[in-house]
Amino acid sequence: GEDVEQSLFLSVREGDSSVINCTYTDSSSTYLYWYKQEPGAGLQLLTYIFSNMDMKQDQRLTVLLNKKDKHLSLRIADTQTGDSAIYFCAESGSFQKLVFGTGTRLLVSP
Amino acid sequence: NAGVTQTPKFRILKIGQSMTLQCAQDMNHNYMYWYRQDPGMGLKLIYYSVGAGITDKGEVPNGYNVSRSTTEDFPLRLELAAPSQTSVYFCASSYGRIQETQYFGPGTRLLVL
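Chain order of the listed sequences is A and B. If you read the first sequence in the numbering used here, its first letter stands for residue 5, the second for the next number, and so on. If you read the second sequence in the numbering used here, its first letter stands for residue 1232, the second for the next number, and so on.
Hint data in this document are derived by calculation from the structure and do not stem from the laboratory. Using N, Cα and C, we set each Cβ at its ideal position, and we do this for glycine too. Just to be clear, a hint being listed does not mean it is correct.
Pulled a few chain B residues facing chain A out of the computed Cβ check, cut under 8 angstroms [claimed, not checked]:
{"#": "1", "residue": "Ile-1285"}
{"#": "2", "residue": "Gly-1289"}
{"#": "3", "residue": "Asn-1293"}
{"#": "4", "residue": "Pro-1337"}
Below, computed lysine-lysine pairings styled on BS3-like, alpha-carbon distance capped at 25 angstroms [stated by the list, open to error]:
{"#": "5", "chain 1": "B", "residue 1": "Lys-1240", "chain 2": "B", "residue 2": "Lys-1275"}
{"#": "6", "chain 1": "B", "residue 1": "Lys-1275", "chain 2": "A", "residue 2": "Lys-40"}
{"#": "7", "chain 1": "A", "residue 1": "Lys-40", "chain 2": "B", "residue 2": "Lys-1240"}
{"#": "8", "chain 1": "B", "residue 1": "Lys-1288", "chain 2": "A", "residue 2": "Lys-101"}
{"#": "9", "chain 1": "A", "residue 1": "Lys-60", "chain 2": "A", "residue 2": "Lys-40"}
{"#": "10", "chain 1": "B", "residue 1": "Lys-1275", "chain 2": "A", "residue 2": "Lys-74"}
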């Protein structure tokens, strides 16, 4: 079945780079997504990558996809305190149904 | 545009009570979804709809019902509330193409005692 796994917690200092990792099981996933959830709020799409791409860069965000190992990562450059949130990896399961990971809580300290 | 709106924001139910969680979107999206998020967990899909009059079960549909009489509204019904349904419920919508982002509402926090 479809399964997405993430580490639970990451702590970094302001200005450092953050790397959040994710592994997934469904090799037929067409798109892989990163969502951000701030306290008390819904999920906000940060970025997504098509499965035939290796890398996608969007300002401070870099997504790397290793399709062979079914590994996805999100790198946030120059991490700010406002980046503190829970980050969810998701894969596109059967048509338009997303399968979410458990989320990685990122804590950025000054 | 208001985007995706949900009401209520918070509710406490007694075991066995029923309630309807409301969800509406003003983006003319075809697809709508209901998820639940348990503490420390990812989102699990309860039900989804690909258009007015069409609904289908997601991963965890037991104890819930939905209807989709209009494009804009997608209410979620709990008939006999149980403590296991204590969760945060998120509604989302998307236009429908596979690469289209899902837009999420702010969530409804439900506590069943």
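Item checked: Which numbered hints fail -> 1 and 3
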